[in-house]
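S.K.: For the record, the sequence lines run as chains A and B. So the first sequence is numbered by the working numbering: it starts at 1 and just counts up by one. So the second sequence is numbered by the working numbering: it starts at 1 and just counts up by one.
Keep in mind that the hints are not guaranteed to be accurate.
[To be verified] In the DSBU-like style, the derived pairs of lysine-lysine whose C-alpha atoms are separated by at most 35 Å in a straight line are:
#, chain 1, residue 1, chain 2, residue 2
1, B, K49, B, K22
2, B, K77, B, K49
3, B, K69, B, K22
4, B, K69, B, K49
5, A, K11, A, K57
6, B, K22, A, K57
7, B, K77, B, K22
8, B, K49, A, K11
9, A, K57, B, K69
10, B, K58, A, K57
11, B, K58, B, K69
12, B, K77, B, K58
13, A, K57, A, K15
14, A, K57, A, K17
15, A, K57, B, K49
Keep in mind the hints are simulated off the structure, nothing from the lab. As the structure is a computational prediction, the values presented were derived from the model and not from experiment.
Read off the chains here:
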Amino acid sequence: GAGVSQSPSNKVTEKGKDVELRCDPISGHTALYWYRQSLGQGLEFLIYFQGNSAPDKSGLPSDRFSAERTGGSVSTLTIQRTQQEDSAVYLCASSSQVNYGYTFGSGTRLTVV
Amino acid sequence: AQSVAQPEDQVNVAEGNPLTVKCTYSVSGNPYLFWYVQYPNRGLQFLLKYITGDNLVKGSYGFEAEFNKSQTSFHLKKPSALVSDSALYFCAVNPGGSYIPTFGRGTSLIVHP
Chain A
1 GAGVSQSPSN KVTEKGKDVE LRCDPISGHT ALYWYRQSLG QGLEFLIYFQ GNSAPDKSGL
61 PSDRFSAERT GGSVSTLTIQ RTQQEDSAVY LCASSSQVNY GYTFGSGTRL TVV
Chain B
1 AQSVAQPEDQ VNVAEGNPLT VKCTYSVSGN PYLFWYVQYP NRGLQFLLKY ITGDNLVKGS
61 YGFEAEFNKS QTSFHLKKPS ALVSDSALYF CAVNPGGSYI PTFGRGTSLI VHP
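Produce the entire structure from the sequences given, and follow the hints as far as they go.
M.R.: Laid out in structure tokens, this is it:
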């Protein structure tokens, strides 16, 4: 596609439920990132995928968070047993090369009630 | 570890006046530096980057930034602000060879008519 697509754009879920957030990167971009943006905070790195290499998961805040990237394209971020502190905007970005900059999606606004 | 500081949460400027949004960084090695802009309910949009070469970098929408190695700064500037420039601006850095950028907390730019 022309840009990075994220779905859903908004998600309201009950505490304790699992959620899946989807990211469809720009075709041909080998690098894919997930970030979390909380109110008044900067962007918090979560996870990085590069091609077929093992992902860098160093930013995942707990073992309730996981992500996968199928076929080097679409990625899904899963949050299990959601907590209220998980409420944030989850942003996905892709890149062809690190020094070319990153293209971000519009994000998924997650609200845990 | 790399870090980015945006010392101002908010910058106010009158339309037509010059604007500056400040960014300082700390990295090991040579930095790759980026500025992004985020409009309400949108993802981040790439404005400009510094990788190497001329310290003054020109980007989208008339913005420019100056890399100052001695002061470890990469301030964003525009000679004449527009009301439509009002948005959230993020500075990001990753050292050459690293693939995970670190973002600042963002600066809200408000341009008054």
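S.K.: Next step is simple, just say for each hint if it's right about the structure.
M.R.: Here's how the hints hold up against the structure:
With a CA separation close to 15 Å, the supplied pair K49(B) and K22(B) stays within the 35 Å bound. At most 35 Å may separate the alpha-carbon atoms for a hinted pair to count; K77(B) and K49(B) meet this at roughly 13 Å. In summary, the hint linking K69(B) to K22(B) is supported, as the alpha carbons are separated by about 14 Å, within the 35 Å threshold. Between the alpha carbons of K69(B) and K49(B) the distance comes to roughly 15 Å, so the proposed pair stays at or under 35 Å and holds.
As the CA atoms of K11(A) and K57(A) are separated by approximately 23 Å, the hinted pair is consistent with the 35 Å bound. For the given pair, K22(B) sits about 30 Å from K57(A) by alpha-carbon distance, which is consistent with the 35 Å threshold. Restraint check: the Cα-Cα separation between K77(B) and K22(B) comes to about 9 Å, which is no more than 35 Å; the hinted pair holds. A C-alpha spacing of about 33 Å is found between K49(B) and K11(A), which places the hinted pair at or below 35 Å, so the restraint holds.
Using a Cα cut-off of 35 Å, the hinted pair K57(A) and K69(B) holds, with the two alpha carbons roughly 31 Å apart. Note on K58(B) and K57(A): the hinted pairing holds, with a Cα-Cα distance of about 34 Å set against a maximum of 35 Å. The straight-line distance between the Cα atoms of K58(B) and K69(B) is roughly 17 Å, inside the 35 Å bound, and the hint therefore holds. Proximity of K77(B) to K58(B) is assessed by CA-CA distance (about 10 Å); at most 35 Å being required, the pair is judged to hold.
The suggested pairing of K57(A) with K15(A) holds, with an alpha-carbon distance near 24 Å, which does not exceed 35 Å. Between K57(A) and K17(A), the direct Cα distance comes to roughly 22 Å. Compliance with the 35 Å bound is thereby established for this hinted pair. Taking the CA atoms of K57(A) and K49(B), the gap is about 26 Å. The hint holds against a cut of 35 Å.
Violated hints are absent here; each numbered hint is respected by the structure.
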